[in-house]
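Participant: Knowing the structure of chain A, use the given hints to seat chain B on it.
Protein chains: 2
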Amino acid sequence: MKARVTVTLKSGVLDPQGKAILHALAALGFGGVEDVRQGKLIELELDQSDPDKARAEVEAMCEKLLANTVIENYRVEIGG
Amino acid sequence: MKARVTVTLKSGVLDPQGKAILHALAALGFGGVEDVRQGKLIELELDQSDPDKARAEVEAMCEKLLANTVIENYRVEIGG
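Residue numbers (the numbering used here), protein chains in the order written: chain A, 1 to 80; chain B, 1 to 80.
Pulled out of the complex, with its shape left as it was, chain A reads as follows (with noise of 0.2 Å):
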């Protein structure tokens, strides 16, 4: 079974490299961008047959690794 992380900034926090791409766009052109916030993806494999459980053991991981709660938010789709 699959499932896909997105985890972002919380609203607030800096984002540099947001800003970067932001004013690299401006620079390619692209004067239409108001805005740029990057984030990560993560899409984990996992051997568990059952969503439910799995929507639970990958909301484990974000808390534990793969998002740091202080300043970022994630959230899991599952499927696939």
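Check before you lean on any hint, since a few could be wrong.
Note: identical chains are not told apart, hence a pair may lie in one copy or across any two.
[Unchecked claim] Pairs of lysine-lysine, BS3-like flavour, derived with a Cα cap of 27 Å:
no.	residue 1	residue 2
1	Lys-53	Lys-19
2	Lys-53	Lys-2
3	Lys-2	Lys-19
4	Lys-40	Lys-53
5	Lys-2	Lys-40
6	Lys-10	Lys-40
7	Lys-64	Lys-53
Since the hints were made in silico from the structure, they are not lab data. Since this is a predicted model, take the numbers as computed values, not measurements.
Facilitator: Here is chain B on its own, set in the frame of chain A:
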């Protein structure tokens, strides 16, 4: 209008960051993970209000800056 770009490594391209996550999860006791791939998530706020134009613009950004199309795939979602 918001756009969300996910950039993932093409299959066959080595992903040392994903492997590091896999081993760290195993060390934490999450043994049921078979594979991990790490990608990027880029959220853009555009001043374009036409969804088709916004998509074309973001795809041009991906080709020029956001993704390395030799080794990466990208997917654009428009909305919000």
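Participant: Please go over all the hints and tell whether each is borne out by the structure.
Facilitator: Hint-by-hint comparison with the structure:
Proximity of Lys-53 to Lys-19 under the C-alpha cut-off of 27 Å is restricted to the inter-copy arrangement: shortest distance 23 Å between copies versus 38 Å within a copy. Proximity of Lys-53 to Lys-2 under the C-alpha cut-off of 27 Å is restricted to the intra-copy arrangement: shortest distance 12 Å within a copy versus 32 Å between copies. In this homomeric assembly, Lys-2 and Lys-19 come within 27 Å of each other (Cα to Cα) only across copies, at 16 Å, whereas the closest approach inside a single copy is 32 Å. Taking the closest pair of Cα atoms, Lys-40 and Lys-53 come within 27 Å of each other both inside a single copy (23 Å) and across two copies (26 Å).
Both within a single protomer and between protomers do Lys-2 and Lys-40 lie at most 27 Å apart by alpha-carbon distance, with minima of 17 Å and 17 Å respectively. For the homomeric pair Lys-10 and Lys-40, the shortest alpha-carbon distances inside one copy (13 Å) and between copies (16 Å) are both at most 27 Å. Only within a single protomer do Lys-64 and Lys-53 lie at most 27 Å apart by alpha-carbon distance; the minimum there is 17 Å, versus 41 Å between protomers.
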